[in-house]
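S.K.: Chain residues, written in single-letter form:
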Amino acid sequence: MSDPVATPERGRGQSHALEIADVSKRFRVAGRQVQALSHVHLAVGEGEFVSIVGSSGCGKSTLLRLVLGLDTDYDGEIRVDGQRVERPGLDRSIVFQEHRLLPWLNVEANVAAALRQSGLAAAERGQLVRDHLHLVGLEQFAKAYPAQLSGGMAQRVAIARALVTKPRFLLLDEPFGALDALTRLRLQDELQRIVRNEGTTAVLVTHDVDEAVYLGDRIVVMHPHPGRIATILPVTDAVSRDRSDPNFIGLRDEVLSRLGVSRTGNDAAAEVRRSA
Amino acid sequence: MSDPVATPERGRGQSHALEIADVSKRFRVAGRQVQALSHVHLAVGEGEFVSIVGSSGCGKSTLLRLVLGLDTDYDGEIRVDGQRVERPGLDRSIVFQEHRLLPWLNVEANVAAALRQSGLAAAERGQLVRDHLHLVGLEQFAKAYPAQLSGGMAQRVAIARALVTKPRFLLLDEPFGALDALTRLRLQDELQRIVRNEGTTAVLVTHDVDEAVYLGDRIVVMHPHPGRIATILPVTDAVSRDRSDPNFIGLRDEVLSRLGVSRTGNDAAAEVRRSA
Amino acid sequence: MSLITIMGLERLSHSVPIAPPPFRSIGRHLRPLALPITLLAIWELLAHAGVADARFVPPLEAVVARGIAEFGAGGLGFNLLASLERDLIGFACGSVAGITLGLAIGFSRIIERLLGPVLLVHRQIALFAWVPLISMWFGGGEAGKVVFIALAAFQPALINTWQGVSGIPRSYRELADVLTFGWFDFAWIIAIPGALPQIFTGLHSALIYAWTATVGAELLLNIAPGLGGRMNEGQHLFHMDLLLLCILLLGGVGVVFNVVAGAVEHRLLRWRIP
Amino acid sequence: ETLIRIGYPGTGIDDRPYAYGDYVAVANVQKLVEAEFKDVPDTKITWTFFRGAGPALNESLAAGQLDFAAGLGDLPSIVGRSRGLQTKYLASAGSHDALYLAVPPDSQLKTVEDLKGHKVAQFRGTNLQIATDRVLEKHGLAEKDIRFVSLDSNSATAALISGNVEASFGGSEYLDLAKRGAVKIIYSTKNDDPTLGRNAGLLVTAEFEKAHPEFTAKVVRAFVKGARFGSDEANRQAVFELWSKAGLPVESFEADFKDERLAHRLSPVVDDFIIARYKDQAARAKAYGLIKKDVDIDSWFETKYLKQALVDLKLENYWSTFDAKGRKATEGEVEHTKAASN
Amino acid sequence: MLPAAGILVLGLVVPLGLLTAWTVAALLGQLPEQILPPPWVVFDTLLDGIQDGSLLSSTVTSLERVAEGFAAGALAGLVFGTAVGLSKTLRDFLDPLFLALSQVPTLGWMPIIILIVGIDEGLKIIVIGWSAFIPVVLNTSQGVRDVPEAYVELGRVLSFSRWSKLTMIVLPSAVPSIFTGLREGLANGWQTLVAVELIASFEGLGYLMAYGRQLFQLELVLSAMIVVGLIGLVIHGLLTLAENRLQRWRPETAR
Ligand SMILES: Nc1ncnc2c1ncn2[C@@H]1O[C@H](COP(=O)(O)OP(=O)(O)OP(=O)(O)O)[C@@H](O)[C@H]1O
Ligand SMILES: Nc1ncnc2c1ncn2[C@@H]1O[C@H](COP(=O)(O)OP(=O)(O)OP(=O)(O)O)[C@@H](O)[C@H]1O
Ligand SMILES: [Mg+2]
Ligand SMILES: [Mg+2]
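Chains as they are written, first to last, in my numbering: chain A, 1 to 276; chain B, 1 to 276; chain C, 1 to 274; chain D, 1 to 342; chain E, 1 to 255.
Please keep in mind that the hints were generated in silico from the structure rather than gathered at the bench.
Warning: the hint list may mix true and false statements.
With a cut-off of at most 25 Å between alpha-carbon atoms, the simulated SDA-like pairs for lysine to any residue come out as follows [claimed, not checked]:
no., chain 1, residue 1, chain 2, residue 2
1, D, Lys218, D, Thr303
2, E, Lys88, A, Phe27
3, D, Lys31, D, Arg261
4, D, Lys293, E, Lys88
5, B, Lys143, C, Arg267
6, D, Lys179, C, Ala65
So these bits of chain C aren't anywhere near chain B, every CB distance computed over 12 Å [said to hold, decoys possible]:
no., residue
7, Ala69
8, Pro225
9, Val255
Keep in mind that this is a model prediction, so the values were computed, not measured.
Ideal placement from N, C-alpha and C gives every residue a C-beta, glycine not left out.
With the rest of the complex left out, here is chain A:
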């Protein structure tokens, strides 16, 4: 289990905005110890976009929680600008795996909630909220309550809430999981645009390897039992952002094979089927 050297190879910034240094985390589940994370090293540069892929239960969400500062009971250290993370802060924003909208607030108010500590004027907030609802295509549903939304709509509100504060770090836990292909593509591009414009540092957990390659500067592949980083693959500029580009497909297949889905692209499934 080699600890992959964790330097950003194609970060837009060079300083280590976020450092995850030898982090391990254990849980007790039904009387057994579960090693959710084992010796995780990762340094993320300012403005870099890191994609994380890995099988179900390999500790991706746990890692994001630690970076957020929601849980400080782990071994190792997580630093932002060299300072140990002690608690959540407005500089780090997250889209949780479940939407976590407050059921008693309508869509608008849920997004606005993120701006409570922003110190902005009411009018400015209102404008920001409207802009972001427009971004996710839900202006029409500003007054609807979460119980009246479809799964994908709720997820989009959560995305708007995470973006509205224009955070320095954006942590995304399968933000587009419940979205249809078209909306997903559109929001991927919007995300990329925002991240580039604002210089946001982003960590994206996703199961969609295309998405990981398309958006990431580097791709972290995690393995389970114990949850650990298996490889970190850089997305060189050569790969470009064209999904039909052979380089793109090559890298995607490489990631898939690291995840255990062997053979190239569309053969993978057949392969799995045969071996099952």
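Knowing the structure of chain A, use the given hints to seat chains B, C, D and E with the ligands on it.
M.R.: The following block gives chains B, C, D and E with the ligands in isolation, referenced to the frame of chain A:
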């Protein structure tokens, strides 16, 4: 808004096990009328596998709820074997879009809950639960509580719970949404095997068009505002089940283009990007 | 609001505590005692400093001495047991009935519509008003007392169960429908566990009310051995030491109840503390 | 098996199942009723002491849970009758019961007249209420002259001692408090108009009387025996000690009965005085609005069992009788009994 | 969903059934007057009380007492309950004492409170307030502790101030529990009112009940009970309205 004729073109059974006849459903949201479903016609044959794709908020989950009998307040009629559906029954089983595990029951007990009305002996139930936990790869977590599971693990438990009763109709609302590529492929195959062996009639809502084509006998493409069926595409035997097969890719691209993601396969994203 | 700012919302900011060092955890266990001991000390001080009238505030040692005497020869232990017995019987009957009915009402909209208003009006009517009817129907003896206590425990158990069950998220109700649960499965798998925190609040209240009603029954209905009578004696003869002794005993029993209920609750609500 | 269920409207201190201050307590402690029925197989005597006093006992009678009410106060029994409780009044079970006016030890109040405009505790709806009103009337006051607060006897004590009320009317329970210096007694009906005291009676349900006249006679005889024992000055000390089972010290009774013969209060005889008292109380209860219907006293009283018992026990001339105004009409033998010499 | 009229009718079925049974039993002479006076007698008493103003003035007196006591007790209970619900430390210190004190029957406190505050309105308000306080504290603190961890975490992620956490997350989530507590507290307040008016008062509905019992006039007790019940129902209705308003976000088809 043509009503596509709704005959199964490649169903394994010929009788209409499930008929959705001219179903419309409206909601009031924040003072406005939202037409969630408009004149939906669909007849599903015994043992047929229907995939539904469509954009976020186009009424897919709503349709499944109506088929289940959770909501009987709609226009039109939904029939099983010619009988109007009045309430949920053990013949119809669902994987909800959110996992809906009961937080106070452990994994095992959550799955076993589905067997309470089955009339089986305790030993038999225990065996069934174990088998299905094995199927989704969670034997180790039988005693864990939902709060101790990752998102994907919870979803797998929900899948086990839906399958354990060996229902006649299986309704699946993005069952594999939160799963990594490998697990997803494995479970798709398992699902296919089970459905074939048991002769189950299945309706699958998914955002993964590959998945829809791979599993479905027909693919229902829905459009939003109002939620309605745009096209029903048969998956002919020629398409086979090989994801790298050109026919497969062709059909997939056809579905994608019906969803508004134009051009073939990997170009789609680029296209979207360009047009954005 | 000052209270809130003083104690802060720590739990919200340190939800995952780092294991406390051992000496701190000992301090933690002593916390519940801090305030009562302080109060007792103030009492003692008041009694001895001559600030308070000794007739109203007898010194602690007088109460203790009285306690020793009463438990020895006065049969206070016997009185206490008698009260406890009828309290627990009444509590058990009342809370089981309350929870059952609460589940039924929470389960069925029709039953709720039928019985809800009646039960709410009934709740408003003072327990005391039932005394004549109870003493006529069940007699003023042990049966009447138990009925009275059960009536006191019934209401909070009922209301809280009812509210708890109606607060169960719709998604879980739908799940029950999908799994075609009957009322028993619904109650056992969904309603009771889901409403358990609130049911426990109800049982907490029920314990308190039942205990109050025990004393009330001993005062309002036919005489029988019990703490109520002793309390009455203290009031009647103006023996403040006895009165305070009884109050301490009543409170002490409350603490014991609370500890037991807390342990049971903790065990049953394991799933919430992963 | 025949059950003979006797109820008593009160308890001792600490809810002890004992009575005090009347012959019912004597009969109870000496088990005279039980002794009377020794030769009757299959009978069982039960005693119930009621916390809620008269009202509670009335409820029990109404519910058919009692056969005899021993020592039921005048007002509650009149109230019960006015509400249609079918009972018979068999014998007096206490008369001339004294009323005391207690004030805090440092109070400036000295007489009943001083109460005008002051805050006084009173247990409304009990026979204390009518008795109090009569005392006031006697002393030229009316209810509205005084700021009454309705307090039950326990709370009245607390309120009095803490100075929350300035005075309180009550029974012999204040004597013990007075002895301990917690209160001061400034007035008692003992030396006032003889018609001011409270009265109580022995009642049987009409149903029981009709079904078991012979048992009724036996019960009355047992109580008369108790009255006989309790009225004899030779037994003074023994009676006080027997009462002290109820929790009040012997000294309280000594103070209560100071300068008064036991027979003055313990006589079972229904004379003109008793009949006049009940008629007067019924009239006042009606006037105060405490009852809505008139109560016929004459048809209520059924004294044949008492007369028979007196004859059987040769006690026809044992007790003195009083006229309607409370003056002694005939002098009984009991007036000549002497306290035991020691 | 039932139409509003249907709801009303169903709610009246049981009371009307009981009333009919009562009337029939009284007409057939099955109910001795001293056990349960016939309904028309109770009704007459009710009318008399309204006409001569005695019932009205009693009601006003009692309402004032309950209103003041309940307002004080509920407010204090909300603050205290929220505080102990939020802070484990505070809970460790205060909970056992509170639970011990709450176990001591109001009747037991009475003599001691009388010693301290006397027997005037202060006593009633304190005792009613205390009895309302207990259920409000129990339910509020439970509701606050039951706030789903997911929402608490969200508050931390959004760096909410204490005030925001309280108003945006804790209180909305605890609304059902808080309202149960308020309901219980109100009912308890009425109960105590009756007890305290019995012991130390000269007016009010509780006094009327006590007086009616003393004088064996059950129709008086019953008419006071009816008034207390009706007032309770009205206040309950107002509370429900307030609760529903606060919980607009709930899906209408709750079951
Ligand atoms: N609160 C918890 N208590 C106990 N165990 C936990 C807890 N949270 C997570 N785990 C365990 O930690 C492991 C990693 O969980 P995590 O949620 O990080 O997985 P993940 O990589 O996000 O998976 P997925 O893709 O399915 O969401 C799992 O085995 C899970 O059971
Ligand atoms: N309970 C409800 N109350 C009001 N409106 C609702 C309710 N449920 C769904 N809707 C509305 O109905 C429409 C369809 O919702 P539905 O959940 O069926 O979408 P979906 O196709 O499943 O979308 P997704 O892919 O995002 O899950 C949406 O516009 C939504 O706002
Ligand atoms: Mg996860
Ligand atoms: Mg959906």
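S.K.: All hints, please: hold or fail.
M.R.: Outcome of the hint check:
no.	hint	verdict
1	D/Lys218 <-> D/Thr303	holds (14 Å)
2	E/Lys88 <-> A/Phe27	holds (23 Å)
3	D/Lys31 <-> D/Arg261	holds (24 Å)
4	D/Lys293 <-> E/Lys88	violated (63 Å)
5	B/Lys143 <-> C/Arg267	holds (16 Å)
6	D/Lys179 <-> C/Ala65	holds (24 Å)
7	Ala69	holds (50 Å)
8	Pro225	holds (42 Å)
9	Val255	holds (28 Å)
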